[in-house]
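Chains as they are written, first to last, in numbering that gives the first Met the number 0: chain A, 0 to 108; chain B, 0 to 257.
Hints should not be assumed to be uniformly reliable.
To be verified - What the simulated footprint calls covered on chain B by chain A, stretch by stretch (three residues with Cβ under 8 angstroms from a Cβ of chain A suffice, anywhere in the stretch; the number is not a length):
id : region
1  : 21–32
2  : 92–101
3  : 110–124
4  : 164–174
5  : 185–192
6  : 205–216
These aren't lab readings, by the way, just hints derived from the structure by calculation. Glycine is no exception: its CB is placed at the ideal position from the N, C-alpha and C atoms.
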Amino acid sequence: MASHGNKPALEVIPRDEEKIKKIWKTAFILLILTSIEFVFAFTIPRGLLLYGIFIALTIWKAKYIMMVFMHLGDEAKPLFYSIIVPLIFLVWLVIALVKEGTDIFHIRW
Amino acid sequence: MSTTATAIGVSPKRGVWGGGNEPLKASYGKLMMWFFLLSDIFTFAAFLITYASIRVSYPAYAGPADQFVGSNEYWPVPEMVFDAIPFTHSVHPPLAFVGLMTFILIMSSVTMVLAVEAGHRNDRNDVTKWLLWTLLGGITFLSCQAWEWTHFIHGTDGGSLITYVNKLGQVVTETVHGANLSVNEYGPAAFAQLFFFITGFHGFHVTIGVFLLFLAFYQSAVGVYERRGHYEMVEKIGLYWHFVDLVWVFVFTFFYLI
Numbered sequence: 000m001a002s003h004g005n006k007p008a009l010e011v012i013p014r015d016e017e018k019i020k021k022i023w024k025t026a027f028i029l030l031i032l033t034s035i036e037f038v039f040a041f042t043i044p045r046g047l048l049l050y051g052i053f054i055a056l057t058i059w060k061a062k063y064i065m066m067v068f069m070h071l072g073d074e075a076k077p078l079f080y081s082i083i084v085p086l087i088f089l090v091w092l093v094i095a096l097v098k099e100g101t102d103i104f105h106i107r108w
Numbered sequence: 000m001s002t003t004a005t006a007i008g009v010s011p012k013r014g015v016w017g018g019g020n021e022p023l024k025a026s027y028g029k030l031m032m033w034f035f036l037l038s039d040i041f042t043f044a045a046f047l048i049t050y051a052s053i054r055v056s057y058p059a060y061a062g063p064a065d066q067f068v069g070s071n072e073y074w075p076v077p078e079m080v081f082d083a084i085p086f087t088h089s090v091h092p093p094l095a096f097v098g099l100m101t102f103i104l105i106m107s108s109v110t111m112v113l114a115v116e117a118g119h120r121n122d123r124n125d126v127t128k129w130l131l132w133t134l135l136g137g138i139t140f141l142s143c144q145a146w147e148w149t150h151f152i153h154g155t156d157g158g159s160l161i162t163y164v165n166k167l168g169q170v171v172t173e174t175v176h177g178a179n180l181s182v183n184e185y186g187p188a189a190f191a192q193l194f195f196f197i198t199g200f201h202g203f204h205v206t207i208g209v210f211l212l213f214l215a216f217y218q219s220a221v222g223v224y225e226r227r228g229h230y231e232m233v234e235k236i237g238l239y240w241h242f243v244d245l246v247w248v249f250v251f252t253f254f255y256l257i
């Protein structure tokens, strides 16, 4: 009767240290990958190799953010694919516009 | 919720997609946030791919990086453009300040995911604490960006000698300081335009995120979510905030590194 008129308070579940450890581990990986990008920016000469490494590291980081921080990996498979599969259109856009830019370069210079 | 599946269940006449169940096992709000983010991914991708397209249409600066001079004849080296830090005028550590901004945003993403985790446990104190840290991270990031924009617009002491078509339609050669939408001391006009649009649109998203975070922080602190019985709002705002971080990861690579 003590709680009469009040909504029952939510039960607080104790911390799961494993989960929290995983979050900090992911954060650490993100910081390491960013540091690697930083070091490479000043040690590897500019060129396709360096740009390739940068893009690979960036997509790697994006994977961690989406799968661990945004929990996309834990969602139902249809939801996962309905977010990931449409991104395939971007591949076309990259190819089309980079080719366009290269052609403009050849005409202009 | 999976507990409602037996109560409503799969309609024998209409099957899984006939309604009354949740095939994607996520709430309406979370689904709509995901599909909004998908559309936003396309928007930012369009911006960044446009950057790539315009960039390859200009020659890259070919000389040694430390002898870089701004010119609209070639694309600038980003590490020589973004080399200023606040409170000092004499040292120019390349990319140091933007590295700090990246660090701040990643850390605020970590505190956000800790807030979401605390929300799953209905732990009001932890949610409020981590949301406050995230809010502080967001505000710090925006302040850094404001400083960076100010520096970019005002430019360096020396400026660069640029030949361009001015507002009266005359071809002029003069020393240009800083940047605006028609001419800048760093590179082709498109360089500053893209800088303003891409980092500006991202900063706009961060600003919206800071408002949302403040809302969630306030509501969590006064117990709105506790009375509601769940912390799903924190989860949805968390998705948005991680997305902002995700976009910055790409902006950082394509604008500042490549």
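Practice task
Would you list, in rising numerical order, the hints stated earlier that this structure does not obey?
Solution key: Of the numbered hints, 4, 5, 6 do not hold.
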